[in-house]
Every structure is written in structure tokens, then in C-alpha cells.
Amino acid sequence: MVRKSALIELLWSEHDEEKAYSLLYTAAYYLRKAMGPYKDYLKIDNTSGGYILNTTNILLDKEEWEDSLTSAPPISQETIDDYTKIMKLYRGDYLQEYDYWWAESERQRLQKMWIATSLKMGEWYNKNAQPDKAISLYEDICNRHPQAEDAYWGLMKIYADMKKDTLVSQWYDLLLSVLWEELHVKPNEQITDWYNRWKMAHV
Numbered sequence: 016m017v018r019k020s021a022l023i024e025l026l027w028s029e030h031d032e033e034k035a036y037s038l039l040y041t042a043a044y045y046l047r048k049a050m051g052p053y054k055d056y057l058k059i060d061n062t063s064g065g066y067i068l069n070t071t072n073i074l075l076d077k078e079e080w081e082d083s084l085t086s087a088p089p090i091s092q093e094t095i096d097d098y099t100k101i102m103k104l105y106r107g108d109y110l111q112e113y114d115y116w117w118a119e120s121e122r123q124r125l126q127k128m129w130i131a132t133s134l135k136m137g138e139w140y141n142k143n144a145q146p147d148k149a150i151s152l153y154e155d156i157c158n159r160h161p162q163a164e165d166a167y168w169g170l171m172k173i174y175a176d177m178k179k180d181t182l183v184s185q186w187y188d189l190l191l192s193v194l195w196e197e198l199h200v201k202p203n204e205q206i207t208d209w210y211n212r213w214k215m216a217h218v
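16 is the number of the first residue of the sequence shown in the working numbering; add one for each residue after it.
There are no misleading hints in this set.
Below 27 Å or equal to it, Euclidean Cα-Cα: the simulated DSSO-like pairs (lysine-lysine) are: (1) 58 x 19; (2) 135 x 103; (3) 214 x 201; (4) 127 x 148; (5) 48 x 58; (6) 178 x 142; (7) 142 x 127; (8) 127 x 103; (9) 19 x 48; (10) 127 x 201; (11) 34 x 19; (12) 58 x 34; (13) 201 x 172; (14) 58 x 77; (15) 77 x 103; (16) 77 x 100; (17) 172 x 135; (18) 135 x 100; (19) 103 x 142; (20) 172 x 214; (21) 148 x 179; (22) 135 x 178; (23) 142 x 179; (24) 135 x 201; (25) 178 x 148; (26) 148 x 100; (27) 54 x 19; (28) 172 x 142; (29) 100 x 142; (30) 142 x 214; (31) 172 x 103; (32) 48 x 34; (33) 201 x 178; (34) 77 x 54; (35) 77 x 148.
Keep in mind the hints are simulated off the structure, nothing from the lab. Predicted model, so just to flag it, every value in this text is computed and none were measured.
Could you put together the complete structure from these sequences and hints?
In C-alpha cells:
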């Protein structure tokens, strides 16, 4: 449910209350009229406090994606290709082209789900002797979500195993820079402790 007062604040805050409510009811009327041909699928219901859009016989891509992911069996040799197909359906964050305040919590929830699954896939690839695929996944996470610390750490650990010391330091330095510039914070202690131990062993 979206509160009427929230809609008025969002759309008609420059008008007095009586005028704003008149505009709201007019807009709701025309929305219902425009949705008439789709009444078997979409319906705007009026409550005492606001409006609700009810849907029937509609498939939403975000729900299909989430259902596919949550119902998938654990990652294994038999399922990793299925996970790859599912994750390819996530082409960007939920309603990323629109700055809707009401969509932000859902956007973040789905984003966390995508990141968590990508990290699990990267870990599986690395444990199953496919570091190049893990690197590709971790880099994709870093590009899409620069504050996802575990993706940087995944890259650092892979490059440490490969004895590519310069790349380990480069990814840690990049994480330092991104977090400080965007959030004014340092990496979590677990990553910093790991990096310091690694660095001491490679002096």
C-alpha cells in the first residue's frame, strides 16, 4: 500500500491540501480508466489510507528470477551451468533507471541476493580448479558494486595462490581507495588482518 499523503508529497507538494487531494483523485480516476482493458490483470484498489496495485495472472521477471534462484539445489558440478543461466537473467538492479524511493529496499534486497550467489559461485570455481572463472565473477561484482569487500578479498586470495603478489596489493589498494572515497571507512578487520599477514610473509 502507498499512502495518499506520500503520493501528495511526492507529486503535488506545492499545492494546498484540498487542491492536492483533488489532483490525486483525478489522477487515480484516469489511471483506472487507462487500465480498463487490462482489468483481468491489473487493478488499483482504494484503502482508507492509500492505494494498492493488485495483479492477477501476471508473471514478473524479478519474481521468476528469485524463485529460480531460491529453488535451485546447492552449487555443484551438475548445477553450476544452471546457476550461470539464472544469474545471466539479472541484467541490472531492480528498476535501476528510476529513482523511486519505494523501490529502494527491494532493489537492495535483490542486489544482496545477486552478490551473495555470485560470491558462492566464485568460491566454487576456485575450489574446483577454475580460478579464471572465479576471477571473472569477482571482477564483475567489483565493477557493479564497488563496495562489495568480499569480492576484492576473493581476488586477493586467488592471486596470492597464483604468486601474483603485485595483483594482490593492487586489489587491496583499490579496495582501500574505493571505501575511503565513497564511505570514508577502511576494509573490515578480517580482510586487513589477512592482507597484513600475507604481506609480512612476502617481505
